[in-house]
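Enquirer: Here is what each chain is made of, one letter per residue.
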Amino acid sequence: MDQDIEKLLEKYYEGETTIEEEKVLKNFFQNEVVPEHLKTHGAQFGYFVSARNELPSLTFNSQLANLLEPPKQAPIRRFGSWLVRIAAGLALLIVGFTGGLLLQQRKDQGDIAFLPKSKDEVSHQAIKSVLAFEKVSETSASERIQAVNQSYKLSEVDQDITRLLVNTLNFDPNVNVRLAACQALQHFINEPEVSEALVQSLAIQTDPNIQITLIEVLVSIKEKRAVEPFQQLLRDEKVMEVVRAKAKEGVSELTSADV
Amino acid sequence: MDLQAFTQRILPVQGRLFRLAQMFLGNREEAEDAIQDVLMRLWTNRQQLETYQSIDALAVQMTKNLCLDRLKSHHKQKVQYNVDMTEVQAAEMTPHRQLENADSEALIYKLISELPEQHKLVLHLRDVEEYSFEEIEQVTGLTNANIRTILSRARQKLRESYLKANDYGSGY
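Chains A and B supply the protein sequences, listed in that same order. Anchor point for the first sequence: position 65 equals 65 in full-length UniProt numbering, and the numbering is continuous, going up by one each time. Anchor point for the second sequence: position 1 equals 1 in full-length UniProt numbering, and the numbering is continuous, going up by one each time.
None of these hints come from the bench; they were simulated from the model. Note that this is a predicted model, so its numbers are computed, not measured.
The calculated lysine-lysine pairs, modelled on BS3-like cross-linking and capped at a C-alpha distance of 30 Å, are:
| id | chain 1 | residue 1 | chain 2 | residue 2 |
| --- | --- | --- | --- | --- |
| 1 | A | LYS39 | B | LYS120 |
| 2 | A | LYS39 | A | LYS11 |
| 3 | A | LYS248 | A | LYS238 |
| 4 | B | LYS120 | A | LYS11 |
| 5 | A | LYS39 | B | LYS157 |
| 6 | B | LYS120 | B | LYS157 |
| 7 | A | LYS153 | A | LYS107 |
| 8 | A | LYS224 | A | LYS238 |
| 9 | A | LYS39 | B | LYS164 |
| 10 | B | LYS164 | A | LYS26 |
| 11 | B | LYS157 | A | LYS7 |
| 12 | B | LYS110 | B | LYS72 |
| 13 | A | LYS26 | B | LYS110 |
| 14 | B | LYS164 | A | LYS23 |
| 15 | A | LYS7 | B | LYS120 |
| 16 | B | LYS110 | B | LYS157 |
| 17 | A | LYS11 | B | LYS157 |
| 18 | A | LYS7 | B | LYS110 |
| 19 | A | LYS7 | B | LYS164 |
| 20 | A | LYS23 | B | LYS120 |
| 21 | B | LYS157 | A | LYS23 |
| 22 | A | LYS11 | B | LYS110 |
| 23 | B | LYS120 | A | LYS26 |
| 24 | A | LYS11 | B | LYS164 |
| 25 | A | LYS23 | B | LYS110 |
| 26 | A | LYS39 | B | LYS110 |
| 27 | B | LYS110 | B | LYS120 |
| 28 | A | LYS26 | A | LYS39 |
| 29 | B | LYS157 | A | LYS26 |
| 30 | B | LYS164 | B | LYS110 |
Generate the whole structure from the sequences, applying the supplied hints.
Expert: Okay, structure coming up:
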């Protein structure tokens, strides 16, 4: 054994030993019993073995981990490259536009379904439905005024519309709606029965505002048949002074035109 | 290379780097500081690491160069061998033997640090780290024959100076 070790030592100092042979030497000198004449070789092998057991302290590892960690986090939190950002922006734009288009389309379709072909027919039906006598309680005054005003935009009116307007003029509970109907009828004065209806209405109306408007309308179309109801107004004590003056004026104008 | 891959490949090497740095610099704090520097440099250049054949060899080279630079720039005298190194001694040794060993190991360290840099490095890699000759070639760039010569000279020189220091005279 000792002789083997001596041979190995010789090889060792020549730099010819293998790692395995060097391990044998290290083990040998780690033992308690080393022959006296070989002891002087022990020191360096002892150093090699204990030097190999050296490791950095535990705190070193945690310090190192702290140093390595932060630079890693920053880039990962970022939201992709510029390309990804631009793509995301474009995607948002596209979603917005298609959403808008779809909404628009749906609205158009809805309108088409709701409205029949021609605009006139639309308004005819709309006006009729709003002004229908049975619905007075359901519709508001402003809605009825709007319907009345729409009537003058119609290119052609039929008897249904003029009758509705006359009815509104005579029976609507709201003064303003009646006034609007009166003004609307002025536009359709050439339609049959309209001037007649206005003359008859003069006897029914009690509101001075409407009475005055009616008088003005009748005078402007020079309706001779209105002279009789004008004179009735003049005789009526309950009618306001202004209205009576207006009626008097109307009578004289109509009769003078006659001459 | 992400942090996990880096840790898996580099950290097992760090003990080796630490021992090398400690051998050159002579104390624990400076050695830790040096290898921390080396590991940080490796980490910041991690993109290029893949192109190297052996990251181990690269890391060892970097550590060696860094330690030599530090020694030069500090104009350091040879540092006394750190006695805490002997704390890891095997427990079965008697206190007397331990003390004796600590003394002789400290002496060996001192003698090693008196060797030329190249000899120091080769001796350390072979006898402490148990590197194969191929691995030493990778780190030092020397030829196999050169390494054997250097190793042989370093071992003999160490032996001689140890005997001289202990007044044993020459011979085995």
